[in-house]
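Enquirer: Residue strings, one per chain:
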Amino acid sequence: MSAAIGNTIVSLPDQTTAQIPKRNYINNEHGLLSWLLTGDHKRIAILYLISITFFFFIGGAFAGLIRLELLTPQPDLVSSDTYNKFFTMHGIIMIFLFLVPSVPATLGNFLIPIMLGAKDLAFPKINLLSWYLYVIGGTLTLAALVLGGVDTGWTFTTPLSTHYLNTHVITAAMAIFIAGFASIFTGLNFIVTIHRMRCPGMTWFRMPLFVWAHYAASLLMVLGTPVLAIALVLVALERIFGIGVFDPTKGGDPLLFQHLFWFYSHPAVYIMILPGMGVISEVISTFSRKRIFGYTAVAFSSVAIALFGFFVWEHHMFIMGVSNYSALVFSLLTMLVAVPSAIKIFNWAFTLQKGSITFETPMLYSFGFMGLFTIGGLTGVFLGSLGMDIHLTETYFIVAHFHFVMVGGMLMAFLAGIHFWWPKMTGRMYPESLSKLAAVTTFIGFNLTFLPQFILGYLGMPRRYHAYPPEFQVLNVLSTAGATVLGVGYMLPMLYLAWSLKYGAIAGDNPWQATGLEWQIQSPPLTENFTETPIMDHEAYDYEWLANKTKKEVTTVG
Amino acid sequence: MDSALATTDPNMPETEVHAEHEHVALPQHRHHFETEEQQREAGSFGMWLFLLTEIMFFGGMFFAYLLYRNWYYPAFAVASNQLSVPLGTINTAVLITSGFCMAIGVWAAEVRKKGVLVAMLLLTTVFGLIFLGVKYDEYHEKYELHHIPGDSFNTSMFTNPAGYGIKEEPLAPDMAQKTQIFFFLYFAMTGMHALHMIIGIALLLWLTWRAQRGDFSSGYVAPIENFGLYWHFVDIVWIFLFPLLYLINRHPLH
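Taken in sequence, the protein lines are chains V and Y. Per the working numbering, residue 4 is the first one in the first sequence, and the count goes up by one each step. Per the working numbering, residue 869 is the first one in the second sequence, and the count goes up by one each step.
Derived by calculation from the structure, the hints in this document are not laboratory data. Here a beta-carbon is modelled for each residue, glycine too, at the ideal position from N, C-alpha and C.
For the chain Y half of the interface with chain V, some residues (derived, Cβ under 7 angstroms), not all of them:
(1) E909
(2) A910
(3) F913
(4) L917
(5) F925
(6) G928
(7) Y940
(8) G1018
(9) Q1045
(10) K1046
(11) Q1048
(12) F1052
Build out the structure end to end from the sequences listed, making use of the hints.
Expert: Next comes the structure, spelled out in structure tokens:
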């Protein structure tokens, strides 16, 4: 085995003779319809990848507009209600149409059946239906935007959303309701697949941690999303018929909406981050060439995060007049979530220790994830403490906190995963040095954008305003400058990944010398994934097994 | 198709036999499942999970109901007394009968009695429709009394019950307003339940057509079983709605 020479483990086949396999899932059938009516989980993953990328750049454009308005203290670019529409659209698109489906619907869809040694997800038609629901949800969101926008914030806070606004709340709520079912079906499909479709020998504790993370996230999708659905139905009924369930003048309680909404929307944070953590586990192990440290602990910490995630929602409502005693309990529970998150970070750190670390692009993104997620997570503990929360809530500190977790954490993980599995999905390598540049640019741009916002928030700049006192301008200019760099950092991968589809080096089956089942088959895979049902006869992340296997192949061929 | 291929060589290792679909006996077997057993298990597991999401969906409304019932107890007690227990009881019996027919239908599919299956599916549909008819009658009565939440909602029956010949303590006007929340939740919960029944009846008609065609006469019963789970779930939701809306603390004043 000739891996780990110099500072890289990339082992590409001889480029003069290398070829993309004649038959694979991409060229198995031709024509647009063969994609739009496919049941193949890999093709559906590609459909999802294209559509979420589209929505990511729309959401990103709104982020750019927000930062542009905040360049100066005066409200000079847009009026206040237009600004409200900007950040609402940014939030709705980024959360429901990008972050929630990002890793699960693309990488998860593509990889989970292969990692389990199955031919497809349990319900291919429901998988396709899920994509169509997503597209309908996305289209309705765009319709709400084109018809004149919606300005409730992504949280649809009542009574603002039910009584005081005359924008397209119902269209947007319907969009999210439908996109929510896309997410329910994805989660349902994953859970059934993981329970029922594992290949012989694939015990629960031989599954890659990527699958464990998706299992935990799927539990959240299946249990949380319906509650959001009913909350939005009630908002729509309240708006249309004035039924009074959230209206204090008729005896309703706006706080009830908060409970129902955050019962989903806090676990949704873990729907977004857990699959990303799964990606990081795979990447860290591969590029340290070590079995992940504390496999069982990492696996169970995913489930623990999912479990605790359901019991912390009230920390979004500390200043909304909930009982002090329940606030105390929820504050404590909130801090408890830090424990399984820390277990993951520590175990990744110990995986790195004395590993043969190399710095390929996915690894750079993963390091970005570990640093930024840790900052995002720890500031979450600040916000979970009652006294601090009263000072910091509804300020830019919150904005910075959840962007560190969602963008610094999840988006980094998504890009790590896309780069890591790009050779498997397309059969071609991305350009290595350019992608390293993109990873570093993203990291620098990110920190420049959001670190100043922590200070702004601490100094008391409230979120959701399009004007601010002039003394905050320096930090805001820094933030806007960072956003520009960040924008470049996100444009780069899109350009060179598209370029690599045609011009990238042929990747071969296992360019990273990784151990997962997905790396033991051809890239891009066959439509049926495996020519024969694999038998899992080793633990996950067993690099000795891989070394022996590779040695044997060389002797039989040579 | 490829099942013939696999049976040609009995010495093939076990796993390859699986890969070649040796056990495929039914045309409904989908390629990505190793065995029919796996397909059936996956299907019913998926159905149970779907029902779990349904529980969470209804759960939001149950939560709201319990919360407001606790807050506005007098209004909820009086308003719930206006629901007709006899009609509710009849509907409960009708729905349980419908569920019973469905259970017999599942059994009939499993023992491949096509005639019984079709008859039972039709009976299930008929009882489902009776339920919806009774429900319509109840809704219509509320409409006539102006008890449908919204602009035309009228609280005079609760502020002046004697005027309507009802033996209740009159409510203060602000508390009487709260009956609107009761009726909203009543319509939302029973309406969502009725919506599930309507979807169920549409599915029943489709299943009856397929059963008549003979789709479920050869041992492939997964759709019937899974639909049975759904139909029983809809029953169970009603079993919770009936006491919560109609029965709890009936006539506390007497």
